[in-house]
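Okay, here's what each chain looks like letter by letter:
There are 2 protein chains.
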Amino acid sequence: MHLFYQDQLPETNYLDLEESKHCVKVLRQQEGDEINIIDGKGTFYKAKITNANHKKCEFEILNTNKEKPSLFHRHLAIAPTKNMDKMEWLVEKATEFGIDEISFFQSFHSERKVIKIDRLEKKVISAMKQSLKAKKPILNEIISYHKLLENIKAKNKLIAYVDFDNKVHMKNELNTQQDALILIGPEGDFTPEEVDLAISKGFKKVSLGNSRLRTETAALAAVHLMNLAME
Amino acid sequence: MHLFYQDQLPETNYLDLEESKHCVKVLRQQEGDEINIIDGKGTFYKAKITNANHKKCEFEILNTNKEKPSLFHRHLAIAPTKNMDKMEWLVEKATEFGIDEISFFQSFHSERKVIKIDRLEKKVISAMKQSLKAKKPILNEIISYHKLLENIKAKNKLIAYVDFDNKVHMKNELNTQQDALILIGPEGDFTPEEVDLAISKGFKKVSLGNSRLRTETAALAAVHLMNLAME
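Residue numbers (my numbering), protein chains in the order written: chain H, 192 to 422; chain A, 192 to 422.
Bound-form chain H, shown alone (with noise of 0.2 Å):
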């Protein structure tokens, strides 16, 4: 059955304009049919079309299913790459893994200082519809490094970056009974200083393996290592 979002419910009882065109006059559904809505929040409405209007579809919710929750918090923060594309293709992936919050930031070797959030917000939702999820995951603007650190909330703060004589892999360093947070630096890394800020403000240094992973392909892994905690 077909899969629509709308982060109003359960207040309204429409679908919006594009969601609501690709609903009647891409999909073609009907008055009477069944379709299922994402809220964005963790809950999956099964929903009967009740006008079935191209620009505002109103339908009947039938029921509701809680997705089940996350058993810690997964945040990913990570200064963006150049290339925007990879970092679509991130959050896109990310979601389909499952990630409960995305920060951006803005480092010393940054190539990147701005960040266009409503294009990446499309890009989470459909891949939310493509993964069946139902809860979307937080996007925060870019702020600065120092910025990010001042205000932590998870106890299991980590930072990805390998010493030679401090090697301890993310995924011995992760439990669910901890909400995490991994860092993930530029292509450039982060600097000294940097990581010292980090280890005063309670982080501890990880290492993602021994290949040498570009940016995005650290964070995905580190998304992946978070989810498989919770196998």
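Certain hints may be false.
What the hints assert, rightly or not - Looking from chain H toward chain A, a few residues come up when the C-beta cut is under 10 Å (computed):
#1 Lys-237
#2 Lys-284
#3 His-360
#4 Ser-398
#5 Leu-419
As the list claims (entries may be wrong) - To list a few chain A residues with every Cβ distance to chain H over 10 Å, as calculated:
#6 Tyr-236
#7 Lys-246
#8 Ser-298
#9 Asp-309
#10 Lys-314
#11 Ile-316
#12 Lys-324
#13 Lys-362
#14 Ser-391
#15 Asn-401
#16 Ser-402
#17 Asn-418
Calculated directly from the structure, the hints in this document are not laboratory data. A quick note: this is a predicted structure, and the numbers were derived from the prediction, not measured. Ideal Cβ placement from N, Cα and C applies to all residues, glycine included.
Dock chain A against chain H, hints included.
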């Protein structure tokens, strides 16, 4: 230092046309400059340019360094997606993580019957340079699913397919003592008959987790797991 590819090493003492052009014209390397070269067979070479010709850049080998071999043969076999970009993305990311062999097969629900291996080879070589790997993964031409199953060498044979009564995560089925092959089906998944055929050939059904992943994402998750098994 810059890294180049020459699969005819150690027999030849020059870079091919494209690499010569990149070395001499783009990167402006000169006689006496030192460069690194990978042979795709697992060896890094340090060399000194003896003739900075942009069509045939000659060098003298200074020393060699063998890449640490992987603990087991990591083989991915996948039904390629309709969108070729996704396969290019996959071979690039799989190379970054580390993979020894990638096969493509055509099964009942396959969306694509043709694969341009040449294009994928270029992606692989570029990813090898980026991630500092000296051994090139083997890419095999697409064959039928039945043909693929006729000639399996791996001891550890896995198929990504989830039954309600049999949910074993792939991460629990890998060990460094056994060469592994994981089969990833097309968007429409394997048919029950295709799964039965694999079972009859000694394959074990494994899950990649609770999320519904696209074909290329599932494949990358499997590649990541094979590498995690070695950490």
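Do the hints match the structure? See the list:
no.	hint	result
1	Lys-237	violated, 18 Å
2	Lys-284	holds, 6 Å
3	His-360	holds, 5 Å
4	Ser-398	holds, 8 Å
5	Leu-419	holds, 6 Å
6	Tyr-236	holds, 18 Å
7	Lys-246	holds, 31 Å
8	Ser-298	holds, 21 Å
9	Asp-309	holds, 23 Å
10	Lys-314	holds, 13 Å
11	Ile-316	holds, 15 Å
12	Lys-324	violated, 8 Å
13	Lys-362	violated, 6 Å
14	Ser-391	holds, 28 Å
15	Asn-401	violated, 7 Å
16	Ser-402	violated, 5 Å
17	Asn-418	violated, 6 Å
Comparing the model with each earlier hint shows violations of hints 1, 12, 13, 15, 16 and 17; every other hint is respected.
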